[in-house]
Amino acid sequence: SQQGEEDPQALSIQEGENATMNCSYKTSINNLQWYRQNSGRGLVHLILIRSNEREKHSGRLRVTLDTSKKSSSLLITASRAADTASYFCATVSDNRDDKIIFGKGTRLHILP
Amino acid sequence: EPEVTQTPSHQVTQMGQEVILRCVPISNHLYFYWYRQILGQKVEFLVSFYNNEISEKSEIFDDQFSVERPDGSNFTLKIRSTKLEDSAMYFCASKASGSSGELFFGEGSRLTVL
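Residue numbers (the working numbering), protein chains in the order written: chain A, 15 to 126; chain B, 50 to 163.
Just so you know, the hints here were simulated from the structure itself, not pulled from any lab data. Where hints are given, some of them may not hold.
What the hints assert, rightly or not - Restraint-style ranges between C-beta atoms, simulated for each label pair: (1) A:R55 / B:S76: 18 to 24 Å; (2) A:S42 / B:Q66: 40 to 46 Å; (3) A:S42 / B:A145: 19 to 25 Å.
Nothing here was measured: the structure is a model prediction, and the numbers come from that model. Ideal Cβ positions, reconstructed from N, Cα and C, are used throughout, including at glycine.
Turn these sequences into a full structure, and let the hints steer you where they fit.
Set out below in structure tokens:
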């Protein structure tokens, strides 16, 4: 079944550094989305990239998509302590627009 | 800002009991979802609901689970006879449109089955 798989599972970096998280998936997609989850809270949508897009920016976030490799990356530049959270990619199939499948997530910890 | 609200925030129940988790999606949204997350693990898709019927469900969503949208505002998840392994956070989400839409999540309902 279609599923996003993020790596690394956990990442600790110093405040101010850039954080890169990767996501791989298995089948054709309509779009790929990234979400953030603070501990014990609901998920919050960060950014969506469509299958015909290769790169997208939003503030300190940069997302890339390589459909030939079935992979995406999320880059957070100039990380802050408040960026500490889990980050999930989610894929939307190109033939089912109502099923959104999440990966296992990357736990990001920003060290002060 | 519109938000998805879920109740209860935490429910403790005995194994075998029925549980109903309630959600109020954002009012003009058309697609509704339930996800579950066992502590610290992945967010698992349970079911999607559109046009007053289930549009997709996962293998987890067996005969013990059901969803309803009884009154045009609430969206409920019922577990008929809870098992220990049903203990998890259950998240409701909604989105306005089809494939291009982002999901808006509630804060979740923590279910503890004893």
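Evaluated hints:
| no. | hint | result |
| --- | --- | --- |
| 1 | A:R55 / B:S76: 18 to 24 Å | holds, 22 Å |
| 2 | A:S42 / B:Q66: 40 to 46 Å | holds, 42 Å |
| 3 | A:S42 / B:A145: 19 to 25 Å | holds, 24 Å |
This entry satisfies every hint, going by the numbered hints stated previously.
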